[in-house]
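Colleague: What follows is each chain in one-letter form.
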Amino acid sequence: MTTQPDIEQTLSAMAAGLRDTLAARGIGNPCMVGIHTGGVWVARRLHALLGLDEPLGTLDISFYRDDFSRIGVHPQVKPSNLPFDVEGRHIVLVDDVLYTGRTIRAALNEIFDYGRPASVMLAVLVERGGRELPIQADVAGLQMDLEADQQVKLTGPDNLALTIQSHAE
Amino acid sequence: MPNNIQLDSNGNLRHFLTVEGLKRQTLTEILDLAESFITVDAQSVKKVPLLRGKTIANLFFEASTRTRTTFELAAKRLSADVLNINIQTSATTKGESLLDMLHNLEAMHCDMFVVRHADSGAAHFIARHVAPHVSVVNAGDGRHAHPTQGMLDMFTIRRHKGPDFGRLRVAIVGDIMHSRVARSQIHALNILGVGELRAIAPKTLVPPEAEALGVHVFHDMARGLKDVDVVIMLRLQRERMQGALIPSGSEFFQLYGLSADTLALAKPDAIVMHPGPINRGIEIDSAVADGGQSVILEQVSNGIAVRMAVMSMCLGRAPEAAGEGS
Amino acid sequence: MHTVIRNGRLIDPANRRDETADIFIAAGRIAAIGAAPTGFTVQKDIDARGKWVLPGLVDLRAHLREPGQKHKGSIASETRAAAAGGITTLCCAPDTSPVIDTVAVVELIRRRASEAGMAHVLPLAALTPGLAGEQISEMHGLLQAGCVAVSNGKTPMANTLVLRRAMEYAAGLDIPVLLYSEDPWLGASGCVHEGVVSTRLGLPGIPACAEVIAVGRDLLLIEQTGVRAHFSQLSSARAVELVAAAQARGVPVTADVSAHQLYLTELDVGQFNSLCHVRPPLRSQRDRDGLRAALADGVISAVCSDHQPHDADAKLAPFPATEPGISALETLLPLTLRLVEEKVLPLHDAIGRITWQPAGIINQSAGTLGLGARADICIVDPERYWTVSEKALVSRGKNTPFLGWELKGKVSHTLLDGKLVYENHQ
Numbered sequence: 001m002t003t004q005p006d007i008e009q010t011l012s013a014m015a016a017g018l019r020d021t022l023a024a025r026g027i028g029n030p031c032m033v034g035i036h037t038g039g040v041w042v043a044r045r046l047h048a049l050l051g052l053d054e055p056l057g058t059l060d061i062s063f064y065r066d067d068f069s070r071i072g073v074h075p076q077v078k079p080s081n082l083p084f085d086v087e088g089r090h091i092v093l094v095d096d097v098l099y100t101g102r103t104i105r106a107a108l109n110e111i112f113d114y115g116r117p118a119s120v121m122l123a124v125l126v127e128r129g130g131r132e133l134p135i136q137a138d139v140a141g142l143q144m145d146l147e148a149d150q151q152v153k154l155t156g157p158d159n160l161a162l163t164i165q166s167h168a169e
Numbered sequence: 001m002p003n004n005i006q007l008d009s010n011g012n013l014r015h016f017l018t019v020e021g022l023k024r025q026t027l028t029e030i031l032d033l034a035e036s037f038i039t040v041d042a043q044s045v046k047k048v049p050l051l052r053g054k055t056i057a058n059l060f061f062e063a064s065t066r067t068r069t070t071f072e073l074a075a076k077r078l079s080a081d082v083l084n085i086n087i088q089t090s091a092t093t094k095g096e097s098l099l100d101m102l103h104n105l106e107a108m109h110c111d112m113f114v115v116r117h118a119d120s121g122a123a124h125f126i127a128r129h130v131a132p133h134v135s136v137v138n139a140g141d142g143r144h145a146h147p148t149q150g151m152l153d154m155f156t157i158r159r160h161k162g163p164d165f166g167r168l169r170v171a172i173v174g175d176i177m178h179s180r181v182a183r184s185q186i187h188a189l190n191i192l193g194v195g196e197l198r199a200i201a202p203k204t205l206v207p208p209e210a211e212a213l214g215v216h217v218f219h220d221m222a223r224g225l226k227d228v229d230v231v232i233m234l235r236l237q238r239e240r241m242q243g244a245l246i247p248s249g250s251e252f253f254q255l256y257g258l259s260a261d262t263l264a265l266a267k268p269d270a271i272v273m274h275p276g277p278i279n280r281g282i283e284i285d286s287a288v289a290d291g292g293q294s295v296i297l298e299q300v301s302n303g304i305a306v307r308m309a310v311m312s313m314c315l316g317r318a319p320e321a322a323g324e325g326s
Numbered sequence: 001m002h003t004v005i006r007n008g009r010l011i012d013p014a015n016r017r018d019e020t021a022d023i024f025i026a027a028g029r030i031a032a033i034g035a036a037p038t039g040f041t042v043q044k045d046i047d048a049r050g051k052w053v054l055p056g057l058v059d060l061r062a063h064l065r066e067p068g069q070k071h072k073g074s075i076a077s078e079t080r081a082a083a084a085g086g087i088t089t090l091c092c093a094p095d096t097s098p099v100i101d102t103v104a105v106v107e108l109i110r111r112r113a114s115e116a117g118m119a120h121v122l123p124l125a126a127l128t129p130g131l132a133g134e135q136i137s138e139m140h141g142l143l144q145a146g147c148v149a150v151s152n153g154k155t156p157m158a159n160t161l162v163l164r165r166a167m168e169y170a171a172g173l174d175i176p177v178l179l180y181s182e183d184p185w186l187g188a189s190g191c192v193h194e195g196v197v198s199t200r201l202g203l204p205g206i207p208a209c210a211e212v213i214a215v216g217r218d219l220l221l222i223e224q225t226g227v228r229a230h231f232s233q234l235s236s237a238r239a240v241e242l243v244a245a246a247q248a249r250g251v252p253v254t255a256d257v258s259a260h261q262l263y264l265t266e267l268d269v270g271q272f273n274s275l276c277h278v279r280p281p282l283r284s285q286r287d288r289d290g291l292r293a294a295l296a297d298g299v300i301s302a303v304c305s306d307h308q309p310h311d312a313d314a315k316l317a318p319f320p321a322t323e324p325g326i327s328a329l330e331t332l333l334p335l336t337l338r339l340v341e342e343k344v345l346p347l348h349d350a351i352g353r354i355t356w357q358p359a360g361i362i363n364q365s366a367g368t369l370g371l372g373a374r375a376d377i378c379i380v381d382p383e384r385y386w387t388v389s390e391k392a393l394v395s396r397g398k399n400t401p402f403l404g405w406e407l408k409g410k411v412s413h414t415l416l417d418g419k420l421v422y423e424n425h426q
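Taken in order, these protein sequences are the chains called A, B and C.
If you read the first sequence in the working numbering, its first letter stands for residue 1, the second for the next number, and so on.
If you read the second sequence in the working numbering, its first letter stands for residue 1, the second for the next number, and so on.
If you read the third sequence in the working numbering, its first letter stands for residue 1, the second for the next number, and so on.
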């Protein structure tokens, strides 16, 4: 176990980073989308901190996973909800942990099935090594150096906290 | 003989042949999953890549454009490749040629057969003889079962009346005897714990010992429809008008047809369902079929989501403990 | 050929004999029991210690599939199965192709049977030519040629007038009539008993009343015409009640039941098990109990196999499209003996129902071990368990719902006219 990072402080820093990046790219009215489940919790906070006008969108990427034929589909898929027209908009995609990159690939595919956005940027609470796809975050709250058998998990939705578990087997 | 060949050793759906014998939890999973597939309709690309690379063969030994189309759409929205095979059956389609054809399709690496056949038990027969990697979905076999239709009706009821079937009084009206749809609905409603289930029909169209299926039989529309929340009308096949089952379409409609007047006997917020295609003026009045209480068209679009759910459950494996959100 | 069977328990219900004794056979007939007759020189010696020595079984109905359906079985293959099942006399149903309605077909069957030499095959003559139910057949000529009774197979007699005349004609010639009674309309499209299972599986049903109504009609005609009639393969308790009432009134009518009807019910159809597709259909528990009771009290005086061997494809189709029937010659004896274990009826009655009683129905003297009788003998190891399997069955038809059942009682020797036609030493 490492020392518990201060999530609130991290979220504020992420909000500031996002504000700067958006300003630098000249994006005034972005649409934020969180990925179920942890990504939605993080997005909800960032959405409030940034005071965005558009309602928050949520994605459940279960139908877009590339490991379906191995693990099947979970019956409790939360419906994706994008309460705005994706077409031509700037999207901020939010997730809790960026690891292999496969979840983000699935989320991008799903977003594009709703329409063609002008741009997509990625914000994550935790960035760790182990990428299997050419995907990187535009804004990352924390960098973690973890072993392959270690898992970082966000608990929520209130009092967000990170725990690190290792599969000692 | 294995008691329920539609389940794998983990109790997960491998084939979908009949609703009978399934657990309430399995039915609820189908309905929940279908609920999430409804949102796919809102996408501009009405497709998810879940079954990409899978091949689904629609084997229709009995013609039905409507059912075949909804299965085809469901498969395509899951990104599967679809093969439509219509087999004109003479009465003598023998087992040998049927099995030969199945094995040929297996050799072409089909992953799922969606089967409709005029003989009860055809889907079970095929499921017993397919290769282990192939799933079979019953799209209607004889008078036996039409489980996806039964489930889409449950889905429609749940969307309108909420998840507690225990509060509901449901009436199924018409040709129960020859209806695979009715049998699937009856099993599904009982498994989901329906409050009361009624079958309303002339005695000639109620199968013997129907009460053993878990229905209360009524021969009188006024008594049968009293206080029901859901009215399910069944299609009366034209050929039933011969063979001394009913004297005529008009007398049948007089006694068992659904008109605005008879519908008034049910609860004011009762919904009206029909598996289609409708014989207007035989089992249901146009004004009722197109009226405010009718959910008949919704049933059709719900059918796609429910079939997507069944297909993806049969072709996916057990959702064990989900891995890290990578 | 002089043969002795030593130390077996001789059970001969017709002669009320049940004792451990040696039995001596000469010239194809039973020459002596107990001590060897004078001049007897043993040429073949069979040790039957611990075994039962029974009269060869008599089966009132079997389909040998020849002529017409040799891909399902032949007279040679199915009489070999009969020998393996201890059956030495069997009636061949008239619904062959061509139908047994000409002397030529009778002669063909008898010739093939005698070439095979495995069992006495007694053809049943068609009651009506082509089983069409329109004319009456040349019963006298067919009996002269070797038939033992007349029957319309499993084709129901729709026309009551033709049936009445056929019965009258047979009555005048004292020819027994074997009836398969089923209303031609009520049972027309069905493939299972009409009841809970047909309702659940959505299979077209054959109501019990299809049999009861036909039995009722036929009983009235039997009384009126005075014919000696026999009901084949009854399946419903209510029909049995009608037969019992007629017998009580003194009507000379008898009845049999297929062995599978004494064990299986509609529930065995399960999820469309086509091996349980039979005609008449497997009925309710109540019917099965009624049949057992009638067998015990003698209203039903014979158990038959109703053997119907099939090729594999005949059962490989959706249930309603499969062909009905069970390959049953080799399970007739163990299933009948099991009734004794289940205390349905005493041993001697059980053996009587598959030996001298069916023989009497068709005017044959078979089914006994009396002195001078034909030495048709079945030796059975009553304690031996065996499992019904495709491999274990000699018949070409492997279609039996009893596959996997462990049955008690296995035939070790079958003798036909004193000649050993089957031997099993496992």
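Wrong hints could be hidden among the right ones.
[Claimed, not checked] So the derived list for chain C, only partly shown, Cβ under 7 Å to chain B, looks like this: (1) G190; (2) E194; (3) G202; (4) L203; (5) Y263; (6) T265; (7) L267.
[As the list claims (entries may be wrong)] Restricting the straight-line Cα-Cα distance to at most 25 Å, the calculated cross-link-like pairs of lysine-lysine (DSS-like) are: (8) C/K408 <-> C/K391; (9) A/K153 <-> A/K78; (10) C/K315 <-> C/K419; (11) A/K78 <-> B/K23; (12) C/K343 <-> C/K408; (13) B/K267 <-> B/K226; (14) A/K78 <-> B/K267; (15) B/K47 <-> A/K153; (16) B/K203 <-> A/K78; (17) C/K408 <-> C/K398; (18) B/K226 <-> A/K78; (19) B/K203 <-> B/K226.
[Claimed, not checked] Looking from chain A toward chain B, a few residues come up when the C-beta cut is under 7 Å (computed): (20) P55; (21) F63; (22) F68; (23) V73; (24) S80; (25) F84; (26) G88; (27) Y114; (28) A118; (29) D158; (30) L160.
Simulated from the structure, these hints should not be mistaken for lab results.
From the three backbone atoms N, C-alpha and C, an ideal C-beta is built for every residue, glycine too.
Colleague: Give a verdict on every hint.
Modeller: Here is how each hint holds up against the structure:
1. Interface restraint check for C/G190: the shortest CB-CB distance to chain B comes to about 12 Å, outside 7 Å, so the restraint is violated.
2. Using the Cβ-Cβ criterion of 7 Å, the hint placing C/E194 at the interface with chain B is satisfied: the shortest such distance is roughly 6 Å.
3. A least Cβ separation of about 3 Å between C/G202 and chain B falls short of the 7 Å threshold, and the interface hint therefore holds.
4. Proximity of C/L203 to chain B holds as hinted, the smallest CB-CB distance being about 5 Å (cut-off 7 Å).
5. Taken as an interface hint, C/Y263 does not check out: its beta carbon lies about 16 Å from the nearest beta carbon of chain B, beyond 7 Å.
6. For C/T265, the interface hint is violated, the least distance from its beta-carbon to any beta-carbon of chain B being 14 Å, above 7 Å.
7. Checking C/L267 against chain B by beta carbon gives a least distance of about 12 Å; that is not within 7 Å, so the hint is violated.
8. Using a Cα cut-off of 25 Å, the hinted pair C/K408 and C/K391 holds, with the two alpha carbons roughly 17 Å apart.
9. Under the criterion of a C-alpha separation no larger than 25 Å, the hint pairing A/K153 with A/K78 is consistent with the structure, at around 19 Å.
10. Annotation: proposed proximity of C/K315 to C/K419 is violated, straight-line Cα distance about 36 Å (limit 25 Å).
11. A distance of roughly 22 Å separates the Cα atoms of A/K78 and B/K23; the hinted pair therefore holds under the 25 Å criterion.
12. The hinted pair formed by C/K343 and C/K408 meets the criterion: a straight-line CA distance of about 15 Å does not exceed 25 Å.
13. As the CA atoms of B/K267 and B/K226 are separated by approximately 7 Å, the hinted pair is consistent with the 25 Å bound.
14. A C-alpha spacing of about 33 Å is found between A/K78 and B/K267, which places the hinted pair above 25 Å, so the restraint is violated.
15. Proximity of B/K47 to A/K153 is assessed by CA-CA distance (about 31 Å); at most 25 Å being required, the pair is judged violated.
16. With a CA separation close to 46 Å, the supplied pair B/K203 and A/K78 exceeds the 25 Å bound.
17. Of the supplied pair hints, the one linking C/K408 and C/K398 holds, its CA atoms being roughly 19 Å apart against a limit of 25 Å.
18. The hinted pair formed by B/K226 and A/K78 fails the criterion: a straight-line CA distance of about 38 Å is larger than 25 Å.
19. For the given pair, B/K203 sits about 19 Å from B/K226 by alpha-carbon distance, which is consistent with the 25 Å threshold.
20. Proximity of A/P55 to chain B is violated relative to the hint, the smallest CB-CB distance being about 15 Å (cut-off 7 Å).
21. Because the closest C-beta pair between A/F63 and chain B is about 4 Å apart, less than 7 Å, the hint holds.
22. Residue-level restraint check for A/F68 holds (minimum Cβ-Cβ distance to chain B is 5 Å; threshold 7 Å).
23. Given hint, A/V73 at the interface with chain B, holds; its Cβ is 5 Å from that chain's nearest Cβ, closer than 7 Å.
24. Given hint, A/S80 at the interface with chain B, holds; its Cβ is 5 Å from that chain's nearest Cβ, closer than 7 Å.
25. The restraint placing A/F84 at the interface with chain B is violated, with a minimum CB-CB distance near 12 Å, outside the 7 Å limit.
26. Look at A/G88: its Cβ only gets to about 12 Å from chain B, farther than 7 Å, so that hint breaks.
27. At its closest, the beta carbon of A/Y114 sits 5 Å from a beta carbon of chain B; the interface hint therefore holds under the 7 Å criterion.
28. The criterion of a C-beta within 7 Å of any C-beta in chain B is not met by A/A118, whose closest approach is roughly 15 Å, and the hint is violated.
29. Violation of the interface hint for A/D158 is found here, the shortest Cβ-Cβ separation to chain B being roughly 19 Å, above the 7 Å cut-off.
30. Given the 7 Å rule on beta carbons, the hint for A/L160 is violated: about 14 Å separates it from the nearest Cβ of chain B.
Of the numbered hints given earlier, the model fails hints 1, 5, 6, 7, 10, 14, 15, 16, 18, 20, 25, 26, 28, 29, 30; all others are met.
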